[in-house]
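Undergrad: Chains as they are written, first to last, in the working numbering: chain A, 1 to 299; chain B, 300 to 636; chain C, 637 to 1202.
It is possible that part of the hints are untrue.
Said to hold, decoys possible - Distance windows between CB atoms, simulated: (1) V632/B with R134/A: 18 to 24 Å; (2) S262/A with T437/B: 25 to 31 Å; (3) L624/B with R134/A: 23 to 29 Å; (4) H76/A with L596/B: 52 to 58 Å; (5) T661/C with L131/A: 51 to 57 Å.
As the list claims (entries may be wrong) - Below, computed lysine-lysine pairings styled on DSBU-like, alpha-carbon distance capped at 35 Å: (6) K844/C with K545/B; (7) K24/A with K778/C; (8) K545/B with K1168/C; (9) K832/C with K871/C; (10) K1025/C with K1168/C; (11) K770/C with K871/C; (12) K931/C with K1140/C; (13) K1025/C with K871/C; (14) K674/C with K894/C; (15) K306/B with K749/C; (16) K545/B with K931/C; (17) K778/C with K545/B; (18) K832/C with K1168/C; (19) K778/C with K832/C; (20) K749/C with K545/B; (21) K894/C with K545/B.
Stated by the list, open to error - Partial selection, computed: residues in chain A whose CB lies under 7 Å from chain C: (22) A69; (23) F190; (24) G200.
Everything labelled a hint here was simulated from the structure, so no lab data went into it. The beta carbon of each residue, even a glycine, is placed where N, CA and C say it ideally should be.
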Amino acid sequence: MTAFDTTVIEAAASPATGLSATLKHARHVVTGNPITGFSFTLFILLLVCALFGPYLVPYDPLATNTVVALKPPSLHHLMGTDQLGRDLLSRVVVATRLDMEVAIFSVALVFVLGGISGIAAGYFGGWTDRLVGRLSDTIMAFPLFVLAMGIVAALGNTVTNIIIATAIINYPLYVRIARAEANVRRNAGFVQAARLSGNGEFRILLMQILPNILPIMMVQMSLTMGYAILNAAGLSFIGLGVRPPTPEWGIMVAEGAAFIVSGEWWIALFPGLALMLAVFCFNMLGDGLRDIVDPQRRT
Amino acid sequence: MASIVLKRLATAIPSLIGVIFVSFLLTRVLPGDTASYFAGPAATPQAIAEVRKQLGLDKSLPEQFARYVADLAHGDLGNSLTTGRPVVAEIANRLPASGELTLLGLLIALTIAVPLGILAAIREGLWIDHVCRVIVTTGVSLPVFFTGLLLVYVFYFQLGWSPAPLGRLDVFYSAPPQVTGFYVVDSLIARDFETFRAAFAQLILPAATLAIFSLAPLARITRGSMLAVMGSDFVRTARASGLTPKTVILTYAFRNAMLPVVTTLGMVFSFLLGANVLVEKVFAWPGIGSYAVEALLASDYAPVQGFVLAMAVLYVALNLMIDLLYGVIDPRVRLEA
Amino acid sequence: MLDVVHQPLLDIRDLTVEFATRRGTVTAVRNIDISANKGETLGIVGESGSGKSVTSFAVMRILDRAGRIAGGSVTFSGIDLRAASDRDMGDMRGREISMIFQNPRAALNPIRKVGYQIEDVLLRHVQAVPANVKEKAIDILKQVRIARPEERYHAYPFELSGGMCQRIVIAIALACRPQLLIADEPTTGLDVTTQKAVMELVVELTHKRGMSTVLITHDLGLAAAYCDRVVVMRKGEVVETAPSDIIFNSPAHAYTRKLMRATPRPGATLRDLLDEERPARKPTSVQADGRPLLKITDLVKEYARQGVTKSMAQLFGRKASAVDEQPFRAVDGISFEIMRGQSVGLVGESGCGKSTTSMMAMRLLDPTSGSIVLDGEDIGAIPARKFAKLPARKRIQMVFQDPTDSLNPRFTAMRAIADPILRLGGISGRDALRARCEELAQLVGLPRHLLDRFPHQLSGGQKARVGIARAIALHPELVILDEPTAALDVSVQAIVLNLLDELKARFGMSYLFVSHDLHVVRLLCDHVIVMKSGRIVEQGSAEQVLEAPQDEYTRELIAAIPHPPV
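Construct the complete structure from the given sequences, taking the supplied hints into account.
TA: Structure follows, in C-alpha cells:
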C-alpha cells in the first residue's frame, strides 16, 4: 500500500559472499531481537539436556525412595519429588531426550516424504498431483489427533509408532507448502530461462526450485517440531506410546494430574513447563529462521 | 442456491469414502491376530474362532470391506468388550457431553479472539496489539492438558471457586429430562435453576480450557487477516472516499478479513476435536473422548475404531458447513463456478 | 485584498515527507512547491522514486503508518489540510478532493456489489438519502458510460473488465462532485485503447464540472496530451514547473530535457533518445539473404475450456451450450516470417495471443497445429520438453519482461549469466567461465563488480542487463524479446533499447520484439505484425503499418496512443 518503495534504497547494499555473510546475518538476527536470542539460548539448553542429560543430573531418574515421596521443591530436590520419591529435576532433564527424539525423527520423516511428494505434485502436476492430493485430503478428513490415536491403536503402542503417526498427520501440511511453492515457481521467468539454457526438467527441479523452497520448508520444520512435541506429549498423556517408569514429559504430567487436586502442584507443573518452553523455543526459532534464510532480508 | 449445496455435498462424498476406507484399514492393521484382540485376553480358542467368523476375517479382503460397509449402513459399529453394548449406542449416548463442552469452548474462544484480533490489527503497535501477540505466542505453546490442570489447581484447589473436576454433575444432582442432551440447556428448559448452576459450574473450567486452547490460532489468523486487508487497495479507496472509520473497518475490512478466518475454522475444529479427548481426561468428563481412551487402554478395539470413524464423519460434516458458510460470505465462490 | 480567483485551489508549499524504515528515516519528498488552479489539469511526471505518488498520499493524508509530513504546508481552498482534524479530513475526502488509483479491480471491494460501493459514498457525504440513493447510483453509472447500468449495479468487481472497473472507480470518486480529482497512474496496466477511453471520460467529466485534476504519471505522452501545466519531479524534488507546451517544446532543466529526449515519439530515432552526443551510426540494413530464419505457418494454439462447466451442466440435465463445447483458441492460425538480421515487432493488446505465439516460437510451449521452421529445420515438431537438450536450443533465446521474476533469487548475476554457457556453451573451468561472463557484462554495460550481487541488490536497469547478457551468451541467431522494457523507467529504457540495437548489429541477430507499445516498436523494428484475438490483422514494413495502416483496428490502436507534441 505504501507509495514509497523501500527496496529501492536497500538495493544499494554491499555484495553478499556466501557463508560468511550468512553467518553474519544470522548473528545480526539473533542478537537483534531479544526473543530470538532467548529462544536460541533455550535451544542450546535443550540440546545439552538431550545429549548429556543423564550425566548431568544429581539423581538417578528411575531410583525410587518412598521416604522422600511427595516432597515440595527444596534445596535437595529443586523440583521436588513424585509419589515414588523420584527426583523430579532429574526426570524432567532426562525426559528431554525422548521428547526431542520423537520430534526430530517424525519431522525428518515427514519433511522427506511430504517434501518430495509435494514438490513432485506441484511441479509435474497431472497424475502425481491428483494422487498426492487424494492422499493428503484423506488424511485431512480426520481430526488429526484422533487419527494419531487410531494409528497408534492399530500399529501398536510403541514410541516408533508414535513417530510414524505424528509424521502421517503432518504430511498434508508439508505437501501443501511444498506443492504451493513448486507450483508458483514452475513457470516463473527464471525457470523458463533455465529451460532456454538447456537444463532438463529434473535438473531444474534440483538446482533451481529446491534451493528456493528449502528455506520455507525449514521454517515449517521448526514450527512442526513444536507441534510434534505437543502431539507426542498428548498421546503419552492418555497412555499411548511411553510406559512407566520411562521419564517423558507427557506421562509425567499425567502422573502428576492425580495429585493436583490434593495440592501437590510440582509433580505436574515442572514437566508441563518444560513442554511449554520447548514448544515456545521451536516456534520462536522458526520465526527467527525465516528472517535468516529469506534472501530479501540479507545485507 | 440448491445447486451450490448439492455441489458441495458432492465434494464431501470422496472424503467420506476415503474416511471409511482408512477406518477399515485401521481395523485390519492390528498387530498380531485381530480376532484375539477383539475377543479379549481371557477368551478361549473356541471363542476366538467364533469372533473370527463373526468379523468375517476368514473371508477375502474385498468381501470384508463389503461387509464392513454394509454393517456401517446398518449403524453397526461392533460391540464393546468391556460393556458388551453396541458401540453406536454408547457413542450416541456420550456425544452430547462432548458436544456441550466443545461448543461452549469454541463460543468463548470466538467471542474473545475475533474482537481481540481486530482491535490488535487496527491499533497495531499499541498495548492491545502486544497483549494479543503475547496471548498468541503463549497459547500455541501451551499443552491443552497442562492448561486444564493449571485451571483446576488455581480455581479448585487454591480459590475454591470451582467444584471438583469429577464430571458433568455433582452426585447430589440428577440430570434434567433429556431434550438436547446438553445439561445447561435442558435444565433451563425444565426451569431447574439449581441444576443449571451446578451443571454450568462443572462445565465452565473444561470449556475455558478448550477456549484458551483455540483462542491462540483464532486470534492470530484474525489479526493477520485484518492487517492484510487493512493494507489492501480497496480499503485505501474506501479511506480516500472519506468513508467513516467504522464503515471502513466493519463493512469493508471485516467481512473480507473473515474469509481466511472461516477457512481456518476447519483447522481449528480438527485441533478441537483432538483436544477434546485430552480435556475429557483431565476433568473426568464422560464424553466420547474419554470413552475411546478408556477402551484403548483396555485393548478394547471396537469402541476406538468407532470413535475414529464417528469423529471423522462429524468432521466432514463440519467442513461441509464451513464451506457453505464461506460461500455465503464470498460471492466469487458462488458465482464463478 | 487578494483576488480570490488567482488563489490556487491546491497549494503545496515547502512540503517534506519522511518515512521511518528499518534503516532509519528516509526523506521521500523534500521541500516541494506545487500548486493546482481551479479548472486546470496539472500533470506530475517523474520516474520511479521521484516521490510523485507520495505527494498525493500526503495531500489526502492517507500515508501509511511509517510515513509522516515533516514540514511545509498543504492548503486546499484556503483550508490547512495538515492541521485539519481526522473527522474534517474524512468529510473532505470524497466530497471535496477525490483520488483514483492504478489497478482498478483491486481498488474495489471484491465481495460488495459495485452499486452499493457507490451508494456508500453518496450516503456518507449526504448527497442522497436511502430512498433515492439507488436511483442516483444508477444515474452515476450512466454518466461513466457503463452499459446496462441497472444490471451492472448488482455486479461484483470480478465480473467486470479492467476498463469497466476503472469506470466504477471514477464513478465513486466523482459521485459527490468534488472540486479536485487526483489521479495516480490511472491508466497503467490498461490496454492502450481502454486507456484512451478512460482518460477521455475523466477529461469530459472534469471539464464539464469545472473541476481541477492532478494527473500523476510516468507516461510523458499522457501528460502532454491531457495536461495544461506540468510539474517534473526527480528523487523527491521538483525540478521544473511550466505550461505543457513549454515543457515539451523547450524545457529549461537538464533533467526534463533528458526525459523528453528519452521518450519514444514519432520522428525520433533510437539515437535521439540518448542524451550524449554520439556519432551517428549507419542504420542496420536487412541482410538480403532471401531465406527466412524463422518461418511460421498456420500456427494454432487451443486450450480446452474448463471441463467442469460442461459436465456440471449435464449433471443438472441441461444441454451444454455451443460455447461450452468449443475449445478456446489463443492463437488462431497465423503465418509470418523473420528474415536474417531483421527486427520484427509483434504488437497487440492483452489477450491477442502475442505472448502465446512467442512462447511457441521459443519452443517453451507446444503448438496445437501448424509449423515452426528454423532455417529449414522443423522445430515445431519437437516437443518442448525435449527441445532443451538439443543443439538447436542455442539458436533461439529470450529476454523476459519482468527482470525480477526472470532471475533466480538465489543465483548471483554471474551464475545466472553463466548458466547457458555451462549447459550448452561448452566452457567449463572457473576462470574461463568468469572471463566469458566478464566479457558479456562489458558488452551489455554492466559494471564488473555487480556480477557477484544477488538480484535484490540490483536496480531494474541492472537486472535487465543481466537478462540480456544471459540471452546473448550463446550468440543466438534469433532473440525473442517479450516486453523487455515495460517495467523500466523511460530514461533507462532509452539506454536499454540502444543497447539492444547495438548488440543486434554487432552479432547480426534477428529480433522478434513483442510489445504493446507502438512507439518503441517503431524505433526498433523494420517489420511490424499486428495481432488481435489470435489472428494477424495486418503486417508489413514499420513505416507502412505505423504511418499508413490499412486495417481499422490498427488505425484505432495508433490513434489511441498519446504522444508528446512532435
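Undergrad: The structure should be examined with respect to each hint, and the outcome stated for every one.
TA: Verification of the supplied hints:
The supplied range of 18 to 24 Å is met by V632/B and R134/A, whose beta-carbon atoms lie about 22 Å from each other. Checked against the given bound of 25 to 31 Å, the beta carbons of S262/A and T437/B, roughly 27 Å apart, stay inside it. L624/B and R134/A have their C-beta atoms about 25 Å apart, which keeps the hinted 23 to 29 Å range intact. A beta carbon spacing of about 35 Å between H76/A and L596/B contradicts the range 52 to 58 Å that was offered as a hint.
Separated by about 54 Å at the C-beta atoms, T661/C and L131/A satisfy the suggested range of 51 to 57 Å. Between K844/C and K545/B the CA atoms are separated by roughly 34 Å; this keeps the pair inside 35 Å, and the hint holds. For the hint pairing K24/A with K778/C, the CA-to-CA distance comes to about 61 Å; that exceeds 35 Å, so the pair is violated. Restraint check for K545/B and K1168/C: not satisfied, since their Cα atoms lie roughly 47 Å apart, outside the 35 Å limit.
Straight-line distance between C-alpha atoms of K832/C and K871/C comes to about 29 Å, which keeps the hinted pair within the 35 Å bound. Straight-line distance between C-alpha atoms of K1025/C and K1168/C comes to about 34 Å, which keeps the hinted pair within the 35 Å bound. Restraint check for K770/C and K871/C: not satisfied, since their Cα atoms lie roughly 45 Å apart, outside the 35 Å limit. Between K931/C and K1140/C the CA atoms are separated by roughly 20 Å; this keeps the pair inside 35 Å, and the hint holds.
Taking the CA atoms of K1025/C and K871/C, the gap is about 47 Å. The hint is violated against a cut of 35 Å. Distance check on the hinted pair: K674/C and K894/C sit about 30 Å apart at the alpha-carbon level, within 35 Å; holds. In summary, the hint linking K306/B to K749/C is supported, as the alpha carbons are separated by about 24 Å, within the 35 Å threshold. The hinted pair formed by K545/B and K931/C fails the criterion: a straight-line CA distance of about 62 Å is larger than 35 Å.
For the hint pairing K778/C with K545/B, the CA-to-CA distance comes to about 30 Å; that is within 35 Å, so the pair holds. With a CA separation close to 18 Å, the supplied pair K832/C and K1168/C stays within the 35 Å bound. Between K778/C and K832/C, the direct Cα distance comes to roughly 19 Å. Compliance with the 35 Å bound is thereby established for this hinted pair. The suggested pairing of K749/C with K545/B holds, with an alpha-carbon distance near 19 Å, which does not exceed 35 Å.
With a C-alpha separation of about 48 Å, the suggested pairing of K894/C with K545/B is violated against the 35 Å cut-off. Because the beta carbon of A69/A sits about 56 Å from the nearest beta carbon in chain C, more than 7 Å, this interface hint is broken. The interface hint given for F190/A holds, since its Cβ lies 4 Å from the closest Cβ of chain C, which is under the 7 Å cut-off. Because the smallest distance between the Cβ of G200/A and any Cβ of chain C comes to about 6 Å, under 7 Å, the interface hint for this residue holds.
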